[in-house]
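Residues per chain are reported as follows:
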Amino acid sequence: MRRRVRNRVRTLPLEIASGVLALALTSGAVAVIRLRLREPVIYSLGPLLTMTGIFFVAIVIGEVFRGRQPGTRHTAPMATAAALALAMTVECPHGVPAGYGAPLVVVVTAAAMAAGLTPSLIRRQPLRLTDLSNSLLAITVAAVLFREVPISNGRTVLELQASWRPDVLALVMVLISAFALTVEVLLLALVRAARSHAPFLRSFQDEFVAAFGLTAALSATGALVALAERPLGVLAIPLFLFPLGLTQFAVQRQSAIRRTYGQTIRTLSRLTEFGGYTEPGHASRVAELSLAMGKLLGMSERDVLDLEYAALLHDIGQVSLAEPIPGGATVLAAPADQRRIAHDGAEIVRQTGVLDNVAVILEAQTTSYRHVRELGEDLPLASRIIKVCNAYDDMAGSRPSTVRHNAAMERINLGLGYEYDPRVVDALGRVLERDRRHIGANAR
Amino acid sequence: MKDTGSKGRSQAVGVPSFAVSGYIAAVLFLAVGLAALAWRIHPLNNDVATGNDIVTLVALAVLGVLGSVSQERNVGGRISFSFVSIILLAAVALTGPFGAAVVGALTYLLAVDKQRLEVRAFNIGMASAIGAAGGFAYLMAGGATEVGDAGGVGPLFLHVGLPLMLADVVICLLNALILSGIVRLTQGTPMRRFVLGMLGTSGPAYIGYGLIGFLFVILWVPAGVGPASAVLILAPLFVARWAFVQYGDEQRAHERTLSALATAVETKDLYTRGHSERVATLCDLMAGSLALSHQETEALRYAGILHDLGKLAIPTRVLRTADRPCDADLASIATHAARGVEMVRGIEFLSDSTEAILHHHERMDGRGYPAGLRGEETPLLARIIAVADAFDSLTTSRFHREALTVKEALAELHQRAGTQLDPSIVAALERSLVRHVWEPTRLEPALMATAGRAFDHDDPAASDLMAGLAGTETST
Numbered sequence: 001m002r003r004r005v006r007n008r009v010r011t012l013p014l015e016i017a018s019g020v021l022a023l024a025l026t027s028g029a030v031a032v033i034r035l036r037l038r039e040p041v042i043y044s045l046g047p048l049l050t051m052t053g054i055f056f057v058a059i060v061i062g063e064v065f066r067g068r069q070p071g072t073r074h075t076a077p078m079a080t081a082a083a084l085a086l087a088m089t090v091e092c093p094h095g096v097p098a099g100y101g102a103p104l105v106v107v108v109t110a111a112a113m114a115a116g117l118t119p120s121l122i123r124r125q126p127l128r129l130t131d132l133s134n135s136l137l138a139i140t141v142a143a144v145l146f147r148e149v150p151i152s153n154g155r156t157v158l159e160l161q162a163s164w165r166p167d168v169l170a171l172v173m174v175l176i177s178a179f180a181l182t183v184e185v186l187l188l189a190l191v192r193a194a195r196s197h198a199p200f201l202r203s204f205q206d207e208f209v210a211a212f213g214l215t216a217a218l219s220a221t222g223a224l225v226a227l228a229e230r231p232l233g234v235l236a237i238p239l240f241l242f243p244l245g246l247t248q249f250a251v252q253r254q255s256a257i258r259r260t261y262g263q264t265i266r267t268l269s270r271l272t273e274f275g276g277y278t279e280p281g282h283a284s285r286v287a288e289l290s291l292a293m294g295k296l297l298g299m300s301e302r303d304v305l306d307l308e309y310a311a312l313l314h315d316i317g318q319v320s321l322a323e324p325i326p327g328g329a330t331v332l333a334a335p336a337d338q339r340r341i342a343h344d345g346a347e348i349v350r351q352t353g354v355l356d357n358v359a360v361i362l363e364a365q366t367t368s369y370r371h372v373r374e375l376g377e378d379l380p381l382a383s384r385i386i387k388v389c390n391a392y393d394d395m396a397g398s399r400p401s402t403v404r405h406n407a408a409m410e411r412i413n414l415g416l417g418y419e420y421d422p423r424v425v426d427a428l429g430r431v432l433e434r435d436r437r438h439i440g441a442n443a444r
Numbered sequence: 001m002k003d004t005g006s007k008g009r010s011q012a013v014g015v016p017s018f019a020v021s022g023y024i025a026a027v028l029f030l031a032v033g034l035a036a037l038a039w040r041i042h043p044l045n046n047d048v049a050t051g052n053d054i055v056t057l058v059a060l061a062v063l064g065v066l067g068s069v070s071q072e073r074n075v076g077g078r079i080s081f082s083f084v085s086i087i088l089l090a091a092v093a094l095t096g097p098f099g100a101a102v103v104g105a106l107t108y109l110l111a112v113d114k115q116r117l118e119v120r121a122f123n124i125g126m127a128s129a130i131g132a133a134g135g136f137a138y139l140m141a142g143g144a145t146e147v148g149d150a151g152g153v154g155p156l157f158l159h160v161g162l163p164l165m166l167a168d169v170v171i172c173l174l175n176a177l178i179l180s181g182i183v184r185l186t187q188g189t190p191m192r193r194f195v196l197g198m199l200g201t202s203g204p205a206y207i208g209y210g211l212i213g214f215l216f217v218i219l220w221v222p223a224g225v226g227p228a229s230a231v232l233i234l235a236p237l238f239v240a241r242w243a244f245v246q247y248g249d250e251q252r253a254h255e256r257t258l259s260a261l262a263t264a265v266e267t268k269d270l271y272t273r274g275h276s277e278r279v280a281t282l283c284d285l286m287a288g289s290l291a292l293s294h295q296e297t298e299a300l301r302y303a304g305i306l307h308d309l310g311k312l313a314i315p316t317r318v319l320r321t322a323d324r325p326c327d328a329d330l331a332s333i334a335t336h337a338a339r340g341v342e343m344v345r346g347i348e349f350l351s352d353s354t355e356a357i358l359h360h361h362e363r364m365d366g367r368g369y370p371a372g373l374r375g376e377e378t379p380l381l382a383r384i385i386a387v388a389d390a391f392d393s394l395t396t397s398r399f400h401r402e403a404l405t406v407k408e409a410l411a412e413l414h415q416r417a418g419t420q421l422d423p424s425i426v427a428a429l430e431r432s433l434v435r436h437v438w439e440p441t442r443l444e445p446a447l448m449a450t451a452g453r454a455f456d457h458d459d460p461a462a463s464d465l466m467a468g469l470a471g472t473e474t475s476t
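Residue numbers (my numbering), protein chains in the order written: chain X, 1 to 444; chain B, 1 to 476.
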């Protein structure tokens, strides 16, 4: 926990930088649009005001309910979909053509997002400005593509669409939204990669896969609302956001059960502590360290999750022992005992029928690295990570002094290449170095 | 719409009997009759100028088939999703009753998943019949036969939205009614209970289907998007469905993980191996005869699985004591209930179960532990676990005695009803054991030899022993 808080403090400047970048891009885009001379469009103000007013309200509501749980993407889907629809609206109520340009879309969206922040400000919750500026950028991209970029004979999509069939227009709308949202995911991946010190390409892949479902739903809904405005007027906005509401509900349920699952595994990992088999906090410290190393070594989100669970449960095999090992430190136990505990743990986890990957990791957690070198065995990276982290924590313990830390690192370095994977030990050094710098910085 | 798709293959229409075949034939007959009537009232519009219903119909049927591929697997919890209902509603407004009947029939006729012949026939008949009935309801409520003519927002709601809602209600009711017949025949569930149950669980979803069906129709005709509207409308729903399926998978994974890891704790003691699992099963049986709610049943099952988790914190030496442990050891054993609660405190969704875990060794006469609660002061779920716990202990081999038969164990429990156990729950156990076979757990002599001797704290005799201890404690 402590470590996580520290990471947040550290990456904050980076997040601000990315937020500023997104805002700069947005305003740059708006400025460029401004330069482009537009024919003055005469449109009646009434219908336009009604429509933008309702969009404004929809975005504000969506923003107020912006999800706060970490790990979920597109945290305000209703707001994003409404803003996308505003960006791609072709007709105001009463059949008035919607001739406005992208700047109006950006201004309305930004104002609504700002208004949506009010409850967070009152409750003094942290503002997720990075997410907000990323979303705004996506909306800007969509609005510019739809309303400003000339695609054929100097005419924009908005000007051309009158002669298109509605289903062709629908397809174009979906494509534009999907492109804009992918840009958002790209920026999000940049932030995440910086935050977890993970390789960028891996982060983008993870974010893209995780966001794919909602991106599809959002793209479709933006187009739905924009198209349904013709027959239904502004009523289309609340009505056609309804299916997306269902999606949001489902996705939230899904991430809620994921959280509960993690919670259960964390609690169960403490069973051995309750039974007096292991030191308090050992499992969670090993898990935290393994997690940081897994990300650093570029493992995928799915693999990192398996790694985390395996690290949490790595000592579960000890419950089958009649009497606890002194101090619970497996690194000091005889190799045969270590292997048996690992095997029992893997068996227990395999019983669940759903954690087979974790069981495979547990099975191999005591295998020496030389098996890879000499026998060409296929040893999962996760197992190698847990082996190193477990050894470090067994020897250094919680909040080690510099002396203990150095002693532990020295012992691990003695087994380098024979017992431990050099690449993993190197990652351990880097992660710990990062943390120790922090403790130093915080102490000062 | 709920069909017998997944259920039917395993059990619902498992035994084709004369009555079942007759019922299916009657449903098919009803469907044909309704379709003929529909053709008389409102034949398909074949005129290319005003819109060709055949094209719409084929497009809808294709969508229906696609929708039925992912039809109605139980999506975790009690959320279910049905694309076919939405497609049927769209067919009602776009093509009229005959079109809806045809779309319903085609959907299951062409469905690609492997269904047994009679299941398929039943589904075809039911979908077709409810489609036609929905179409009649739509027309009777003044629904527009040409949606495109209903210009303007007001007429769209009045002549399309409202009649479609009515059609939705009719489809929902008729679906429940026809299904309840087949379930009555194959599983013996009373029709009234089934219909009420189904309206309770999937009734709210039908409101959503009605609304989405309406949006679908609007996008199709007045907005002019045509068949492509299916992609736009159904994309968010497909994603929602996918998330719900994932949710269901995760939830099952969660449950299995929890029970497997909890069972692992039992490996310490050969005698109690499988005990938690069996207690949870007994609790499930009793939940049925005590008519517990869905939520209570869930909480009870988790409490059953985890009720002895706290034993992990008790030194193995104490659990391995042969005959009568010393008072200090008994006191240590008595802490397992509270220790168990301590262990699962971090898990939010178990909050309903913790009470039951804490109090599962209370007695009706107030001499139990840890709190000495009396009678109904003990939470209901804890009293249920107490009975299951004692019953499983009695029907399992111990080093000093054979496993009791179900009859002997029940007699023993009846003797203790009122002092240790709640009589009404013992009665509930007896009721549920009439309908379910329970095999006593007989352990191999060889296994028992290696297991050695152990103190079984769940044996009713142990409860008396510990009650005596509590008595002396309070008296001194």
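Just so you know, not all the hints are guaranteed correct.
Said to hold, decoys possible - Only part of the chain B face toward chain X is listed, based on derived beta-carbon distances under 10 Å:
| id | residue |
| --- | --- |
| 1 | 121 |
| 2 | 229 |
| 3 | 235 |
| 4 | 239 |
| 5 | 249 |
| 6 | 251 |
| 7 | 253 |
| 8 | 262 |
| 9 | 339 |
| 10 | 350 |
| 11 | 399 |
| 12 | 423 |
Hints were generated in silico from the structure; no laboratory data involved.
No residue lacks a Cβ here, since even glycine has one placed at the ideal position from N, Cα and C.
We went through each hint and held it up to the structure:
no.: 1; hint: 121; result: violated (33 Å)
no.: 2; hint: 229; result: holds (8 Å)
no.: 3; hint: 235; result: holds (4 Å)
no.: 4; hint: 239; result: holds (4 Å)
no.: 5; hint: 249; result: holds (8 Å)
no.: 6; hint: 251; result: holds (6 Å)
no.: 7; hint: 253; result: holds (4 Å)
no.: 8; hint: 262; result: holds (8 Å)
no.: 9; hint: 339; result: holds (7 Å)
no.: 10; hint: 350; result: holds (9 Å)
no.: 11; hint: 399; result: violated (18 Å)
no.: 12; hint: 423; result: violated (36 Å)
Violated hints, listed in ascending order, are 1, 11, 12; each of the other numbered hints is respected by the structure.
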